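Asker: Protein chains in written order, with numbering that gives the first Met the number 0: chain A, 0 to 260; chain B, 0 to 255.
Heads up, some of the hints might be wrong.
[To be verified] Simulated pairs of lysine-lysine, DSS-like, Cα-Cα distance not exceeding 25 Å:
#1 B:Lys20 / B:Lys8
#2 B:Lys8 / A:Lys16
#3 B:Lys131 / A:Lys16
For the record, the hints were derived by calculation from the structure and aren't laboratory data. A quick note: this is a predicted structure, and the numbers were derived from the prediction, not measured.
The chain contents come next:
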Amino acid sequence: MWQRIYALVLRHVYLHKRSLARNMEIVFWPVMGLLVWGFFTKYIERVALPGAGAFFLGSLILWEVLYRSQQAISYSITEEFWVGNVINLFISPISTLEIGAATCVMGLLKSTVTTVFLMLMAFVFYGFDLFDAGLLLIPYYGCLLVFGWAVGLLTMGMIFRFGRGAEALIWGVPFLLEPLSAVFYPADVLPRWLWWVSMCLPSTHVFEGMRAALAGKDAGPWDLPMAFLLNVPWLAAGGLYFSRMLARAREIGNLARQVVD
Amino acid sequence: MKFPTTVVKTRELGKTFDNIKAVYGLTFNLVQGEILGLLGPNGAGKTTTIQLLLGLTTYDAGEVSILGMDPTRQRREVLSRVNFSSAYTSMPTNLTVWENLNVFSLLYGVKNRKKKIEEVLERLKITEARHKVTGMLSSGQLTRLNLCKALLNDPEVLFLDEPTASLDPDIADVVRQTLQGLRRERGMAMLYTSHNMYEVEELCDRVIFLHHGHEVARGTPDEVKLAMNEKSLEGVFVRIARGGDVETAGNGDGRN
Chain A
0 MWQRIYALVL RHVYLHKRSL ARNMEIVFWP VMGLLVWGFF TKYIERVALP GAGAFFLGSL
60 ILWEVLYRSQ QAISYSITEE FWVGNVINLF ISPISTLEIG AATCVMGLLK STVTTVFLML
120 MAFVFYGFDL FDAGLLLIPY YGCLLVFGWA VGLLTMGMIF RFGRGAEALI WGVPFLLEPL
180 SAVFYPADVL PRWLWWVSMC LPSTHVFEGM RAALAGKDAG PWDLPMAFLL NVPWLAAGGL
240 YFSRMLARAR EIGNLARQVV D
Chain B
0 MKFPTTVVKT RELGKTFDNI KAVYGLTFNL VQGEILGLLG PNGAGKTTTI QLLLGLTTYD
60 AGEVSILGMD PTRQRREVLS RVNFSSAYTS MPTNLTVWEN LNVFSLLYGV KNRKKKIEEV
120 LERLKITEAR HKVTGMLSSG QLTRLNLCKA LLNDPEVLFL DEPTASLDPD IADVVRQTLQ
180 GLRRERGMAM LYTSHNMYEV EELCDRVIFL HHGHEVARGT PDEVKLAMNE KSLEGVFVRI
240 ARGGDVETAG NGDGRN
């Protein structure tokens, strides 16, 4: 089992060793985003909102954890479709669980690299240390990573079910979650019905908790447990949906057709 | 008298997509050391049949047994003992030949990977390309790389979907010689699709012609030619492709 998971991870490590485009996706774009919004935040701090920088930069970095984790999972399978390797992969003795696990490892590696880079850049350019939020950062990071896995598995399931036309969802789904997760503002600014929706997302509880921690207040006692608890059904739903849609793709011929057609 | 082991057995195999029968009523046995040609015009159901056997697409009628196992229930065991190569699949283009084979040898749990990779590269005569990026390979080299991948796990059954399409005659000959050698040395069984009827006559012990998803002729190449009153398999192919209502010909009743 571990050897097959290692094989899939190694396949992506080889890819990153040689592909500038793939490395830009985990380092260059996030860093550029941080620089633009970081300087903009400095300006906003100067003219209107002193102290806002920490909230904004902290949220920006943590959002990348979720976003890159989801992207890494979705890309790892889409990449196989792009290069016509899907059939070779799925006729090898690898199981659905192993494919899922390998893509999650990719999500962990990519989002960790991105986060470390962003934290360094934020420290160098803005003197911002995300660890000011304390050691809570680590479990919060874990929660976002796992939620990214869940969303990534859901996205992959949609690609298997609806074919490559659904690839736009790789980028679209996180943008749907971003406003609902209250990344840059407290959840209570949302209309009441959206607030209820946002409370169902582990990410909302992470960002709420992080904002409190960065402000030097105690995080709500339920933020971290809620984030953990909510991840359980989300991850189960993601895994189940991925597995069901893969089975459905085999049934309707999508798995083979996407390359052979 | 010892009978050769049946390695692939299908009974009334069928698959329907949106009320269109892609394959139906397909029954055949493939025995150890045999090369069976699955032939027919585009859309006849050859590739779909291979996909059904490999579990890429699930069948909705009939039964399949591969190496004595049910491939839907014992997927991993079956897939670790068979392999597939097609001119229409590729491999990660940013990886070198060696890297790609290393990844697949890990996936198949190949022991002594380095030695095995060198051995298959040598057999398919692409050792010199081992450090080339796959995207830079010629189509002939890419086809041979696909075959190298397919040989990594020493499969007992090899599914080949037009493996020599787009190859020049010289490389196509290398591929055919390799397949013949594998059959001789290891008794490897092969299910083979091709549009090159001369190649089929050279390689295949038996052929099954499909048209619109069902069998229309079966037997040795000579038996099929005789039954259809044609001088060549090419003639049989053209006749089947142009006449949709061909009666089942050859020794179809044997169902071997």
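Asker: Tell me, which hint numbers fail for this structure?
Answerer: 2
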